[in-house]
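Sequence order for the protein chains is C and H.
All letters in the first sequence, in the order written, are residues 1 to 102 by the numbering used here.
All letters in the second sequence, in the order written, are residues 1 to 109 by the numbering used here.
It is worth saying that the hints were derived from the structure and are not from the lab.
Even for Gly, the Cβ is constructed at its ideal location relative to N, Cα and C.
Honestly, I wouldn't trust all of these hints.
[Claimed, not checked] Now the in silico label distances, taken between C-beta atoms and shown as ranges: (1) 60/C / 19/H: 42 to 50 Å; (2) 61/C / 61/H: 50 to 58 Å; (3) 64/H / 69/C: 36 to 44 Å; (4) 63/H / 52/C: 23 to 31 Å; (5) 69/H / 22/C: 54 to 62 Å; (6) 33/C / 31/H: 13 to 21 Å; (7) 8/H / 76/C: 31 to 39 Å; (8) 52/C / 64/H: 22 to 30 Å; (9) 39/H / 86/C: 46 to 54 Å; (10) 46/H / 78/C: 15 to 23 Å; (11) 70/H / 20/C: 50 to 58 Å; (12) 83/C / 67/H: 23 to 31 Å.
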Amino acid sequence: MNTITRAQLAEAIYAQVGLSRNESAALLEDVLERISAALESGRPVKISAFGTFSVRQKGMRVGRNPKTGVEVPIMPRRVLSFRPSQVLKARLNGEAVRAGDE
Amino acid sequence: MTKSELIAQLAAANPHLRQPDVELIVGTIFDEITNALARGDRVELRGFGAFSAKQRDPRTGRNPRTGEAVEVSGKSVPYFKPGKELRERVNGGPLQAPKRSPRGTVTPS
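Pulled out of the complex, with its shape left as it was, chain C reads as follows (with noise of 0.2 Å):
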């Protein structure tokens, strides 16, 4: 298995759009940062045909240490969620999409 990074999806630009190697990586860089600032500001992140990242409310809960078992409690928090679309999962056990799904 191995692991993309940056440099590949950059590399990926410069290779289909043809700009600089320089401004690929701005791009991405950008794009990146773009879906971050928009869920930093707890609004929902909607990608057709890839998915939806969200932000999501958890309320206290009191959890425990699992070494010592002492309880904590766990503050109220927003953590990220993903959720794929039916295309993607469907890319990923090499199935064909069906028109109209997104």
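Assemble the complex: chain C is given as a structure, and chain H must be docked to it using the hints.
Just chain H now, kept in the frame of chain C:
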């Protein structure tokens, strides 16, 4: 924010790029991530998060309408683990250790 709003924002911030190029840039990013996952590779974007495919074992499911048992084959499902930096931003800044008052003192209210 939707994909088209993201494209519009990016186009406005980069007036030297043509709209079709901006669409191609955004499309390429998500296509590359999708292709990597379909090949079984993972995608790690430090500070943002990591995309990977998790394997689900075959199981015996039930048709919820008829209650009939059906074999569900194993499959691969996409998974996203947010990076530390993004997790903290979404939660409103770096995580803090729970505040506690020094032993034996009363916290003024």
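_Consistency of beta-carbon spacing, residue 86/C to residue 39/H, with hint 46 to 54 Å_ = Because 20 Å falls outside the window, the suggested range is violated.
*Within 22 to 30 Å or not, the Cβ separation of residue 52/C and residue 64/H?*
24 Å, holds
*Taking 50 to 58 Å as the hint, is the beta-carbon distance of residue 61/C and residue 61/H inside that range?*
30 Å, violated
*asked:* Taking the Cβ atom of residue 33/C and the Cβ atom of residue 31/H, is their distance within the range 13 to 21 Å?
replied: Since the Cβ atoms of residue 33/C and residue 31/H sit about 20 Å apart, the hinted range of 13 to 21 Å holds.
*asked:* If I claimed the Cβ atoms of residue 64/H and residue 69/C lie 36 to 44 Å apart, would that claim hold in this structure?
replied: Taking Cβ atoms as reference, residue 64/H and residue 69/C lie about 40 Å apart, which means the hint holds.
_Hint check for residue 19/H and residue 60/C - Cβ pair distance inside 42 to 50 Å_ = 46 Å, holds
*Is 15 to 23 Å a correct range for the gap between the Cβ atoms of residue 46/H and residue 78/C?*
21 Å, holds
*Quick one: are residue 70/H and residue 20/C within 50 to 58 Å, going by C-beta?*
53 Å, holds
*asked:* For the hint 23 to 31 Å, verify it against the beta carbon of residue 83/C and that of residue 67/H.
replied: 28 Å, holds
*Take the C-beta atom of residue 69/H and the C-beta atom of residue 22/C, compute their distance, and say whether it sits inside 54 to 62 Å.*
Since the Cβ atoms of residue 69/H and residue 22/C sit about 57 Å apart, the hinted range of 54 to 62 Å holds.
_Hint check for residue 76/C and residue 8/H - Cβ pair distance inside 31 to 39 Å_ = 34 Å, holds
*asked:* Can you tell me whether the CB distance of residue 63/H to residue 52/C sits inside 23 to 31 Å?
replied: 28 Å, holds
Checked against the numbered hints above, the structure violates hints 2, 9; every other hint is satisfied.
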